[in-house]
Structures are given as C-alpha cells and as structure tokens.
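Chemist: Sequence:
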Amino acid sequence: MRRALQVARGVDVAGLASGDVPVGAVVYDANGVELAIGRNERELTGDPTAHAEILALRRAAAELGAWRLDGCSLVVTLEPCTMCAGALVLARISTVVFGAWEPKTGAAGSLWDVLRDRRQNHRPDVYAGVLEPDCATLLRTFFRS
Numbered sequence: 001m002r003r004a005l006q007v008a009r010g011v012d013v014a015g016l017a018s019g020d021v022p023v024g025a026v027v028y029d030a031n032g033v034e035l036a037i038g039r040n041e042r043e044l045t046g047d048p049t050a051h052a053e054i055l056a057l058r059r060a061a062a063e064l065g066a067w068r069l070d071g072c073s074l075v076v077t078l079e080p081c082t083m084c085a086g087a088l089v090l091a092r093i094s095t096v097v098f099g100a101w102e103p104k105t106g107a108a109g110s111l112w113d114v115l116r117d118r119r120q121n122h123r124p125d126v127y128a129g130v131l132e133p134d135c136a137t138l139l140r141t142f143f144r145s
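All letters in the sequence shown, in the order written, are residues 1 to 145 by full-length UniProt numbering.
Just so you know, these hints were derived from the structure itself, not from any lab.
Take these hints with a grain of salt, some might be off.
Estimated spans, in silico, between C-beta atoms of each pair [as the list claims (entries may be wrong)]:
{"id": "1", "residue 1": "144", "residue 2": "118", "range": "36 to 42 Å"}
{"id": "2", "residue 1": "105", "residue 2": "46", "range": "19 to 25 Å"}
{"id": "3", "residue 1": "117", "residue 2": "49", "range": "28 to 34 Å"}
{"id": "4", "residue 1": "59", "residue 2": "145", "range": "14 to 20 Å"}
Since the structure is predicted, the reported quantities are computational estimates derived from the model, not experimental observations.
We put the beta carbon where it would ideally sit given N, CA and C, even for glycine.
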C-alpha cells in the first residue's frame, strides 16, 4: 500500500497540476513483482475511464501480453467504483487490496459489493482498510485545497 500511496501522491508534476483526485494503484504478479502503476488521469486526459485501477490494469495486461491477470494482485488507495470493480472481475485479478472506503461510490463493500457478488464468474480475495488513515488523509487534504 505504501507504493500505491507514493503513486497517488504523484511523483509526476503533470498529474498533480492536472487536478486529478490522488488515487494510486499498483499491479503485482504472483511473485510480488511490480508490473504496472496507475494514477487517476481523468482531468489530465479528458478520459472518463482513466481511473487509477483501469490504467494499471491496461498497463499490466500490456506488460504480460494477456488480458487475464490470474495470480496478480491490485493494490489501490481508494475502494474501487463499479466500473473499476467490474474491470477487476473481468481481468481475473486474484487479490484486491484497498485503503480508504468510498461510501458514495464504493463497489467493494460500501455501496455495492461487485467483487464478492456470488453471481460473478470470478471473485477475487478482498482486503479492505489497509493503511486507511493514510489513504483517507491524502484524499481529505486534496479536497480541502
């Protein structure tokens, strides 16, 4: 989660200057090797699907040369929304770890639970609230400024 927080904080000045919500995501392979990162880029790119999780999934799939990310884990600083949760299920991610809860749009237990819905053909393991205070503080600070 510390790596996802680092990504969210924006090592790149362009991401910070764009006004994007600071959410960071990292995809790891089954051996814990970092495959890809993503940071929200909706404002930067004008793409409504450019959430951190989606960008990290796309980059990980490109790195592996396959859309199925079996055995991979995604670590993200904020609970995934319905779009991202759906993409995680379809990508066959094995594990999802998130930091802060998102009571307005969260789809991993807050508002919905897409990731653990028994009707899905794939359900990743979900670990919630990891370094939640740090992740929540980052978001609060962003929205107050």
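Chemist: Looking back at the hints listed earlier, which ones does the structure fail to meet?
Modeler: Violated hints: 3 and 4; rest satisfied.
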